[in-house]
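Chain by chain, the residues:
Protein chains: 2
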Amino acid sequence: MKVIKSAASLFKYLKKLKARGKSVGFVPTMGALHAGHLSLIRQARKENNIVAVSIFVNPAQFGPQEDFKNYPRPLPKDLALCRKEKVDFVFLPRPEDMYAEGFSTYISVEGLSETLCGKSRPGHFRGVATIVAKLLNIVQPDVIYLGQKDAQQAVIIKRMVRDLNIPVKVKIMPTLREINGLALSSRNAYLDKKERQDALVLSKALALAKILIQSGARDTARIIGSMRRLISKKKNAKIDYIAIVDTENLKPVKKISGNYLIALAVKIGKTRLIDNFQGRFSTQSESVPA
Amino acid sequence: MKVIKSAASLFKYLKKLKARGKSVGFVPTMGALHAGHLSLIRQARKENNIVAVSIFVNPAQFGPQEDFKNYPRPLPKDLALCRKEKVDFVFLPRPEDMYAEGFSTYISVEGLSETLCGKSRPGHFRGVATIVAKLLNIVQPDVIYLGQKDAQQAVIIKRMVRDLNIPVKVKIMPTLREINGLALSSRNAYLDKKERQDALVLSKALALAKILIQSGARDTARIIGSMRRLISKKKNAKIDYIAIVDTENLKPVKKISGNYLIALAVKIGKTRLIDNFQGRFSTQSESVPA
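Same order as they appear, the protein sequences are chains A and B. Quick note, this note's numbering runs 5 ahead of the 1-based positions in the first sequence. Quick note, this note's numbering runs 5 ahead of the 1-based positions in the second sequence.
Next comes chain A alone, as it looks inside the complex (with noise of 0.2 Å):
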């Protein structure tokens, strides 16, 4: 395994590989790896020749109050998962050379980056829109793969995708969870015991949300109430936000029908944790997926 630190360099590394036809295939990550980046590699490690993990801890999506100081970085550990899931290179660019002196272009997707967390997160989605098109723009790949746990940066990447012709697939795998429900987050390194105990609303919450529109529940106003009255029980727990969202525009949605997305953020003690549910309803079956 490669391990490759600046973009001058790799440029060189991948037009050997792209002149012999190989394919390539990108999972972009802030490090602090955990089963959910590497069910992404093992999904890039089958479909492609190349696998390639970017590792970059981007300041340019931290709010000024935000973590980035503190963000998980163990990278002795991060690479030996790499190696040990056959991932032919990792990128580790400095952030000095990411954002150069006098760095000034951004990319922002708007519409869909001002809601949900862009609401509590100003400037989060334009840093994630920018560092991911530069990454894109340096490793080249044929398929970026993103996991829908971030469920509102996967729609956001994928309009940016569609709307600046990048030339890349993009595959959103999904959410991976602990037995109790949990979903997967290196942030969910920051919680304490009880914490990790309290953790647990949010996917009771987005449960309780399947079952009320298994029983028939429509108004997302109501199920939004319900949501909200499960984890205002929890006195740790303080909600951001809950939505049902289109999934395509993200815009609020009063009944469910067709694609919808549940998305909620909850701050448990002093770290904000996001979860979300994807579902599809259709009149003819009233069917709900799992």
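Any given hint could be a false lead.
Pairs involving identical chains hold if they fit within one copy or between any two copies, as the list cannot separate such chains.
To be verified - With a Cα cut of at most 20 Å, we get these calculated SDA-like pairs of lysine to any residue:
| no. | residue 1 | residue 2 |
| --- | --- | --- |
| 1 | K256 | S109 |
| 2 | K23 | V173 |
| 3 | K163 | A105 |
| 4 | K243 | R192 |
| 5 | K21 | P172 |
| 6 | K124 | S109 |
| 7 | K10 | N170 |
| 8 | K27 | F16 |
| 9 | K275 | I236 |
| 10 | K7 | G132 |
| 11 | K174 | N142 |
| 12 | K163 | S109 |
| 13 | K174 | M103 |
| 14 | K215 | S262 |
| 15 | K20 | N142 |
| 16 | K275 | I244 |
| 17 | K20 | V148 |
| 18 | K17 | R167 |
| 19 | K23 | D147 |
| 20 | K51 | N75 |
| 21 | K209 | N185 |
| 22 | K21 | D147 |
| 23 | K21 | D93 |
| 24 | K240 | Q48 |
None of these hints come from the bench; they were simulated from the model.
Take the given structure of chain A and dock chain B to it, following the hints.
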């Protein structure tokens, strides 16, 4: 010469060429081709296996009160010129394909886009940066050729390419002029006979600035003042701006030194024209290039 209208068919065509190791030189245009465009095409022809030209009047870079509707579109003549210059393919996208329903991704080059022409054309350079990024993703050239006539655009595209790691080389070619000094522009077609005479005031003001600097003038406010007085003598000329700025960051300079750009925009009747002169002043030689 191929005329390709969809990004998808261009993608297939390019894949074959790239597999054979062909280099691609790209000249993006809004059509209404003049000798300035042809000089870019000839340079591309000299330096690459394949020459690509795009013709697309980009709605995103026109303001609501601007000349999008009336912008000249002499397509058969443009295609004949491309054929004569041995262009390999012309990309001629449809607006509805370039800006599909729900289009919402924009690229901003901050700090460089709000000054000079950006002041009176808000959103213009956002539209330019976005379409150029799209075209670069579609055409995937090795080199893109731009004219120095649009000096601010050239600086912005260079910065975008650097900041977003777009794998392309940017070459800026000199402004072409009529014998009387008028910079070639597709918008010159709007001028009547009298206005064509009045329009010479732009290049004359630049020539005056050059002479003043050669004679020892260093104070940019005084140089701009002299240019302003010269232009004000023409009743039909309305100054939008005259500025002397750093060639990299486009910030105003007080004293002539290093690399500087003298840029101006003047309305002649209803037609807004721009011109510029890029100079280098070194205290050693005290020389100013012609």
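Okay, the hints, checked on the actual structure:
Within a single copy, K256 and S109 get their C-alpha atoms only as close as 30 Å, which misses the 20 Å cut-off; across copies the closest is 14 Å, which meets it. For a Cα distance limit of 20 Å, the shortest separation of K23 from V173 qualifies both inside one copy, at 14 Å, and across copies, at 16 Å. For the identical chains of this complex, K163 and A105 are inter-copy neighbours only, at 14 Å across copies versus 27 Å inside a copy, given an alpha-carbon limit of 20 Å. With identical chains, the CA atoms of K243 and R192 are at most 20 Å apart within one copy only, with a shortest distance of 16 Å there and 59 Å across copies.
Taking CA atoms no more than 20 Å apart as the test, K21 paired with P172 passes in both settings, with 19 Å inside one copy and 15 Å between copies. In this homomeric assembly, K124 and S109 come within 20 Å of each other (Cα to Cα) only across copies, at 18 Å, whereas the closest approach inside a single copy is 23 Å. Taking CA atoms no more than 20 Å apart as the test, K10 paired with N170 passes between copies only; the shortest distance there is 14 Å, against 27 Å inside one copy. For the identical chains of this complex, K27 and F16 are neighbours both inside a copy (14 Å) and across copies (17 Å), given an alpha-carbon limit of 20 Å.
Taking the shortest alpha-carbon separations for K275 and I236, only the intra-copy value of 16 Å comes in at or below 20 Å, while the best inter-copy value is 63 Å. Taking the shortest Cα distances, K7 and G132 never come within 20 Å of each other, neither inside one copy (27 Å) nor across copies (39 Å). For a Cα distance limit of 20 Å, the shortest separation of K174 from N142 qualifies both inside one copy, at 14 Å, and across copies, at 13 Å. Taking the shortest alpha-carbon separations for K163 and S109, only the inter-copy value of 12 Å comes in at or below 20 Å, while the best intra-copy value is 23 Å.
For a Cα distance limit of 20 Å, the shortest separation of K174 from M103 across copies, 18 Å, qualifies, whereas the shortest one inside one copy, 23 Å, does not. With identical chains, the CA atoms of K215 and S262 are at most 20 Å apart within one copy only, with a shortest distance of 13 Å there and 68 Å across copies. Taking the shortest Cα distances, K20 and N142 sit within 20 Å of each other both inside one copy (13 Å) and across copies (17 Å). Proximity of K275 and I244 under a CA criterion of 20 Å is satisfied intra-copy only: 12 Å inside one chain copy versus 56 Å between copies.
In the homo-oligomer, the alpha carbons of K20 and V148 lie at most 20 Å apart both inside one protomer (17 Å) and across protomers (16 Å), since each shortest distance falls under that limit. Proximity of K17 to R167 under the C-alpha cut-off of 20 Å is restricted to the inter-copy arrangement: shortest distance 17 Å between copies versus 27 Å within a copy. Within a single copy, K23 and D147 get their C-alpha atoms as close as 10 Å, and across copies as close as 15 Å, so both meet the 20 Å cut-off. Proximity of K51 and N75 under a CA criterion of 20 Å is satisfied in neither setting, with 34 Å inside one chain copy and 53 Å between copies.
Proximity of K209 and N185 under a CA criterion of 20 Å is satisfied intra-copy only: 10 Å inside one chain copy versus 77 Å between copies. Taking CA atoms no more than 20 Å apart as the test, K21 paired with D147 passes in both settings, with 15 Å inside one copy and 16 Å between copies. Taking identical chains as interchangeable, the C-alpha atoms of K21 and D93 lie at most 20 Å apart only when both belong to the same chain, with a minimum of 14 Å there against 26 Å between chains. Taking identical chains as interchangeable, the C-alpha atoms of K240 and Q48 are never at most 20 Å apart, the minima being 39 Å within one chain and 69 Å between chains.
In this structure, the hints that do not hold are numbers 10, 20, 24, in rising order.
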